[in-house]
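Add chain E to chain L, keeping to what the hints say.
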Amino acid sequence: MTLHDDDMMLAAEYALGVMQGAEREAFARRIAAEPSLAAMVREWDEDFVAMSDDIAPVVPPRHVQKKIEDRLFATSPAQESSLWNSLNFWRGLAIASVAGVVALGSWGLMRPGVPLPQNVLVAQVAGDASAVRLVAHYDQANGLLRLNRTEGAAVAGRSLELWLIAGTDAPVSLGVLPDGNTSSVSVPASLRGKFKDGVLAISDEPLGGSTTGAPTGAVVATGKLIDI
Amino acid sequence: MTKARYPSFMTPHVINDLLARVALGDRVAFQKLYAATSAKLFGVALRVLKNRSDAEDCLQEVYVKVWHNAAKYQVSGYSPITWLVTIARNQAIDRIRSQKAGNVDLSEADDVADAGATPEQAVMQGADSDRLRQCLERLSPGRAEAVKACYMEGYSYQELAERLEQPINTVRTWLRRSLISLRECLSS
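One line per chain: the protein sequences are L and E, in this order.
Reminder that position 61 of the first sequence reads as 61 in our numbering, one-by-one numbering, no gaps.
Reminder that position 160 of the second sequence reads as 1160 in our numbering, one-by-one numbering, no gaps.
Bound-form chain L, shown alone:
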């Protein structure tokens, strides 16, 4: 067996799960360090996953999700301290304590464990005729727009440019999309009020972006900003 074959076999044994003990741990470290080995494991994982079709889904108890959210999103000690000192918090607590008997009984069923952040808009930006697809997450509290491209890229020698279209206003450029998947834009204060109910659009532009201040090429993807 060649080394490549041997690794392919070890990848199969790892993916199937039969490898054990120190061998499994050592192999996991190799996967993290060797992309070619990770690709072999992935190939087996993609093939083996079909066997999971025969595993019946089982709805987990609701408290599991609460525990996950508590672990990931529970307030840090600093935030707890500010909550502790917040007048609204104490007012809220006074009201809550009136309903305490009811609340106590249903506490274990409440979801999510930690309140969701407010003022977040999201958009799924996609087009019928293009492979470009991205998701956008806009935090109205700090004006930070974060982008994650899931598919597609600019054509060689061209750039993809992101635009905000608010109501009947002309599109305003939010910049050229970088090559990487994720990026973020700190939105100028003058535009921050325009995101709610706005539309994000991506156009195909000359390298470096439109020089006219308006889209010059085809609009390849659009998506409405939605309040979550």
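Keep in mind the hints are simulated off the structure, nothing from the lab.
Being a predicted model, the structure only gives us computed values, none of them experimental.
A few of these clues could be false.
Said to hold, decoys possible - Derived list of chain L stretches under chain E, where covered just means 3 residues or more per stretch with a C-beta under 8 Å from a C-beta of chain E:
| id | segment |
| --- | --- |
| 1 | 16–29 |
| 2 | 39–47 |
| 3 | 116–130 |
For every residue, glycine included, the Cβ atom is placed at its ideal position computed from N, Cα and C.
Same frame as chain L, but now just chain E:
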């Protein structure tokens, strides 16, 4: 045999977008992803761990990993469903390997596969199951069953050897041959 693997409301594209939003720290997307996938991943963990409490702890670890690693998913080359199922299986296998072997409580194992999935949780079907099924059918029946048992129950070579009452090296030799045959068939 063809199954309807992806209901129109929850395609791999949708899970892909949810993971992309999770990578941006979008907690609503994380909740939607959990609603759509947790029953499947809990089923996978239960199947390996055979204990509800362990499987619940495992599921927590799985979604904490999903939250932290969603950005890595995008560059991993995995299909979204395989990525999620693989995290759950590996977490469950690592967990059971770290426990003492041979402590399976059959009374708990019995209630593993009862609860059904709601429509929105019926999403997690792997791709290409017909192709794998055909290739498994080409192995002799006992060997195909052994491969499936290892995948579904998370058996190690040691456990498989004990169940089959054969020496571990013998089991390893023929399982490896089966895997070589499988790879040849899957690649053809």
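Structure-based check of each hint:
1. With 7 residues bearing a CB less than 8 Å from a CB of chain E, the segment 16–29 of chain L meets the requirement of three and the coverage assertion stands.
2. By the rule of at least three residues with a Cβ nearer than 8 Å to a Cβ of chain E, the coverage given for the segment 39–47 of chain L holds, with 5 such residues.
3. Beta-carbon proximity to chain E at under 8 Å applies to 5 residues in the segment 116–130 of chain L; the threshold of 3 is reached and the given coverage holds.
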